[in-house]
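First to last, the sequence lines map onto chains A and B.
The letter at position 427 of the first sequence is residue 427 when you use our numbering, and the numbering goes up by one with no holes.
The letter at position 406 of the second sequence is residue 406 when you use our numbering, and the numbering goes up by one with no holes.
Fair warning: there could be bad hints in the mix.
Since copy identity is lost for identical chains, a pair holds within one copy or between any two.
Said to hold, decoys possible - In the SDA-like style, the derived pairs of lysine to any residue whose C-alpha atoms are separated by at most 25 Å in a straight line are: (1) Lys173 / Val221; (2) Lys173 / Gln425; (3) Lys515 / Ala527; (4) Lys403 / Tyr495; (5) Lys403 / His373; (6) Lys16 / Thr416.
Honestly, the hints are just simulated from the structure, not real lab data.
2 protein chains.
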Amino acid sequence: MSDSDLSFWGWGYAEKFPDESERDELATRMETMLGFPERPRLDPPTLSDVSIPESSVSVPDHLTEVCSTTTEDRIRHTYGSGYRDLVRGFHGDFCSAPDVVAEPRDEGEIRVILDWATDERIAVVPYGGGTSVVAGVECDPEGDGAGYAGVCSLDLREMDQVLEVDEHSRTAKIQAGATGPQINDQLREHGLQLRHYPQSYEFSTLGGWIATRAGGHFATVYTHIDDFVENVRMVTPSGEFESRRLPASGAGPDPNRLVLGSEGSLGVITEGWLRVQPRPPYRARASVRFADFDAAVDATREIVQARLYPANCRLLDSREAMMNEVAMDGSHVLVLGFESTDHPVDDDLARALEIAEEHGGTVSGDPSYDGPHREVADDEAGDPDRDDDEGDWRSAFFEAPYKFNALVSLGVIVDTFETAVTWDQFDRLHEEITEQVTEVMEEECGAGFLSCRFTHVYPDGPAPYYTLLAPADVGRELEQWREIKATASDVIEEYGGTITHHHAVGRTHREWYEKESPDEFREALHAAKDRLDPERIMNPGALLDER
Amino acid sequence: MSDSDLSFWGWGYAEKFPDESERDELATRMETMLGFPERPRLDPPTLSDVSIPESSVSVPDHLTEVCSTTTEDRIRHTYGSGYRDLVRGFHGDFCSAPDVVAEPRDEGEIRVILDWATDERIAVVPYGGGTSVVAGVECDPEGDGAGYAGVCSLDLREMDQVLEVDEHSRTAKIQAGATGPQINDQLREHGLQLRHYPQSYEFSTLGGWIATRAGGHFATVYTHIDDFVENVRMVTPSGEFESRRLPASGAGPDPNRLVLGSEGSLGVITEGWLRVQPRPPYRARASVRFADFDAAVDATREIVQARLYPANCRLLDSREAMMNEVAMDGSHVLVLGFESTDHPVDDDLARALEIAEEHGGTVSGDPSYDGPHREVADDEAGDPDRDDDEGDWRSAFFEAPYKFNALVSLGVIVDTFETAVTWDQFDRLHEEITEQVTEVMEEECGAGFLSCRFTHVYPDGPAPYYTLLAPADVGRELEQWREIKATASDVIEEYGGTITHHHAVGRTHREWYEKESPDEFREALHAAKDRLDPERIMNPGALLDER
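Start from the sequences and build out the full structure, keeping to the hints where you can.
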């Protein structure tokens with residue numbers, strides 16, 4: 001992966017930005033399906049259009065090999081991939097570019113960088129794939145970085161190796177800068193996979209996943225990267241932190257849990273042992289349509305409370321189903337998938353479908369069953385090149401962020417937000433979100449579209465995920481977005497949800513995180529930070545407020 | 001439960017201490033089976049034999065209602081239930097009795113006690129069932145409590161209610177002082193159970209489980225109380241800590257995880273929402289005999305890596321099987337159990353047995369299947385009063401600690417220790433433990449017996465649990481025990497295990513915990529403690545060293 005292939009302002013590969021006719025088609029769809037007024041198409045910026053403030057940091061001689069202050073490197077490390085980032089990037093606004101970009105090749109170089117940054121009091125922002133949607137990697141030298149001598153983006157991309165594989169325990173030692181595909185490519189020769197597929201899989205990195213408690217595609221049991229982490233190493237300004245490699249322990253509070261979710265505020269995650277597994281040959285999948293959303297929710301709850309452990313249990317409301325062209329008839333759709341490395345999961349699917357049918361669901365088409373046990377396999381079974389995760393799945397799920405680039409260029413506000421809440425509070429929360437977010441979009445933008453799906457489900461509650469679209473007034477879109485975002489976040493906070501199930505806190509969610517989390521806990525985190533990062537140089541403003 | 005029914009020196013109800021003939025039988029068994037020399041039987045002490053130092057604390061008027069300084073109360077709050085506790089108790093040594101025992105009825109009273117203790121600098125030791133086996137509730141006024149004006153044992157027994165039940169989300173709000181049976185008795189009217197059965201279930205409390213990350217009977221997925229905790233409340237010297245009730249979250253490091261395993265060192269856990277479930281009507285159980293231990297280990301590993309999620313997956317080595325009268329023919333035995341609230345688990349058991357047989361195992365007797373789906377149920381199926389967990393199970397598993405009382409009276413050193421380790425390191429660790437612990441027992445005691453079982457298993461490693469027996473030289477037994485314990489702990493530390501999978505750290509394991517855990521993490525914990533407990537009154541010496 002070379003930087004020059006990547007969009008400097010938006011998601012992913014630059015060449016994937018849609019051409020005029022594709023954008024026209026998308027604009028028409030927005031107009032006819034959602035009634036969004038047509039607006040002039042804007043063209044993306046070019047790198048040469050962008051100017052940024054001069055760097056306030058002079059790199060010492062011993063760091064010139066690993067540090068860059070070129071305009072391009074600084075621009076490319078300014079933002080994550082949230083709507084606010086795309087809009088600013090699209091308009092060529094990179095004012096908050098870091099002063100310097102470091103690309104250390106090992107922990108020793110990270111140590112040297114942190115020592116330098118501590119001495120000079122330079123803020124350090126660990127950077128993986130740049131896929132944060134919560135301003136987790138943006139430390140504005142005029143904002144959170146203002147009290148510092150400068151801001152250094154510390155890019156982990158050079159540390160992308162699977163260092164060791166323990167096939168017996170099914171674990172692998174992986175460097176923090178490895179992206180999803182890099183990890184699985186290296187594990188393939190051992191017949192193993194990590195099987196953690198966040199939507200940002202293509203570009204996001206292990207270190208980023210651990211720092212933000214990323215959510216993968218598993219709907220149950222192994223929902224967050226947390227569940228895969230056997231141990232972790234982190235370089236902090238005050239020293240190295242390494243937990244013991246253990247399948248489990250009861251010795252005091254779990255040290256991994258201080259690192260998981262620390263969002264770069266305590267140190268730089270460098271590597272960890274992760275639980276991996278072979279590709280599961282046994283699969284069973286089906287989707288179920290429901291006329292009634294509440295019934296679909298009840299069915300989903302019963303399936304997860306039955307502890308059938310589906311790998312996929314994704315409830316799409318009718319709007320989500322329509323936008324994804326899964327069902328155009330107004331149905332809500334429950335997509336169910338089971339997988340196993342060891343044994344058929346047909347009966348698990350059958351039982352889940354039985355529950356769904358008891359709640360008025362109708363199985364849509366024929367369920368699909370794969371595996372060595374099926375005498376008559378379907379078309380694709382047995383094809384060694386077939387891999388749903390990197391085939392069908394990628395095309396639908398992993399391409400979605402590319403669409404965001406196009407929508408921004410069409411003057412559409414596009415964002416997602418998500419939460420988790422106990423079942424007893426879900427109905428009310430969902431109703432309030434639907435009502436209030438739709439209302440604020442209408443007020444601010446004159447129209448709006450909101451859809452919901454469950455990405456993960458737990459015996460005690462779902463993780464609903466919302467996608468919103470609204471026509472922007474170009475120039476005023478960030479103001480409009482802020483109102484919408486604040487409304488959604490306020491409702492989540494008020495009605496018992498968490499401000500994030502897997503998007504992290506960053507800077508965008510900090511206000512609500514402070515309401516949600518125990519004050520005494522944040523005090524404890526601040527105290528821990530003061531001990532591990534005495535000059536408080538690590539990612540100031542992300543997760544924790546500055547003091 | 002009234003204190004007067006309970007042994008003041010040993011485990012459980014006093015009346016269950018075996019009579020002469022039972023003790024004779026046990027002594028004979030030790031002699032014939034293990035070759036332990038016979039020694040004079042000693043009789044347990046009576047309360048009136050015991051004298052303790054005068055209390056150094058004078059209770060202020062506003063606390064007289066909730067505080068006691070009677071000799072009996074102080075004696076009864078001196079120790080946990082480890083071997084070292086039993087021996088000292090048996091010999092009437094209660095020198096380290098706390099100065100005062102508090103029994104608050106609500107958080108308000110806890111607040112007042114902590115304020116008083118902070119002002120007076122009195123050490124406070126939260127106390128649940130007194131079942132710690134790692135000196136977690138013993139703060140010797142001459143030892144860890146020496147720098148304090150006194151030691152207060154804070155007993156949570158008055159806070160034993162299930163406060164609220166959310167049947168829809170399958171969760172319940174439970175006070176920290178409730179014991180296992182108290183919790184399940186109160187949940188029964190809702191058709192629910194917690195289904196967390198540590199061996200101390202009869203007396204230990206929710207607060208103790210959370211504070212020590214207790215392990216229950218589930219071998220997979222829901223192994224620790226951690227997995228049941230939706231939220232938690234803790235009163236700290238600096239204020240109240242309450243996490244939000246959520247099925248999951250990705251908002252920063254998990255606040256529950258600071259409390260889980262905190263061992264009373266940060267505050268007093270007062271209540272939490274816990275995940276509960278109906279009693280599972282579907283069950284399938286079998287046991288498999290193996291001639292070869294390594295083959296049994298491989299089978300166990302494959303079963304857990306197959307993610308069949310057995311509720312029980314307990315591998316007993318031949319010594320363990322013999323001592324528990326499960327198999328007398330030198331076989332190693334894998335006890336497998338599956339359960340479900342929703343669907344038959346017969347196929348899961350069948351697949352697990354298939355794997356076991358592939359590794360040379362022989363299914364012992366007929367597997368047992370229960371559930372509404374079985375046309376011909378076995379004798380007990382359908383009997384509404386039947387409950388394995390509180391019937392068969394209790395009699396074998398929950399009675400074991402009573403045997404320890406008897407063994408102590410017969411001059412036998414009896415202890416258990418446990419760990420968790422990755423599969424790749426298990427063989428070597430197990431070999432070293434077996435060799436070195438057997439050797440040190442022979443050196444110190446002239447003989448010794450060591451057996452092993454797996455209590456919990458993970459895809460990346462097992463949690464082996466060891467039981468040891470050795471003939472004591474009465475008067476010198478603690479010295480002997482210390483040598484044995486240190487050897488076992490050193491080997492665990494050296495060969496990659498954790499010093500505890502679910503027994504906690506307390507004071508007994510602290511030396512090894514300090515080697516195992518990252519220094520930077522303990523620094524962070526100390527910093528958190530300084531913030532939440534500025535006078536460092538909370539359980540000094542447990543988990544964290546004093547400073």
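Status of each hint after checking the structure:
For the homomeric pair Lys173 and Val221, the shortest alpha-carbon distances inside one copy (22 Å) and between copies (23 Å) are both at most 25 Å. In this homomeric assembly, Lys173 and Gln425 come within 25 Å of each other (Cα to Cα) only across copies, at 15 Å, whereas the closest approach inside a single copy is 40 Å. Taking the shortest alpha-carbon separations for Lys515 and Ala527, both the intra-copy value of 19 Å and the inter-copy value of 23 Å come in at or below 25 Å. Proximity of Lys403 to Tyr495 under the C-alpha cut-off of 25 Å is found in neither arrangement, the shortest distances being 31 Å within a copy and 51 Å between copies.
Taking the shortest alpha-carbon separations for Lys403 and His373, neither the intra-copy value of 39 Å nor the inter-copy value of 49 Å comes in at or below 25 Å. In this assembly of identical chains, the alpha carbons of Lys16 and Thr416 lie at most 25 Å apart only when taken from the same copy (21 Å versus 62 Å across copies).
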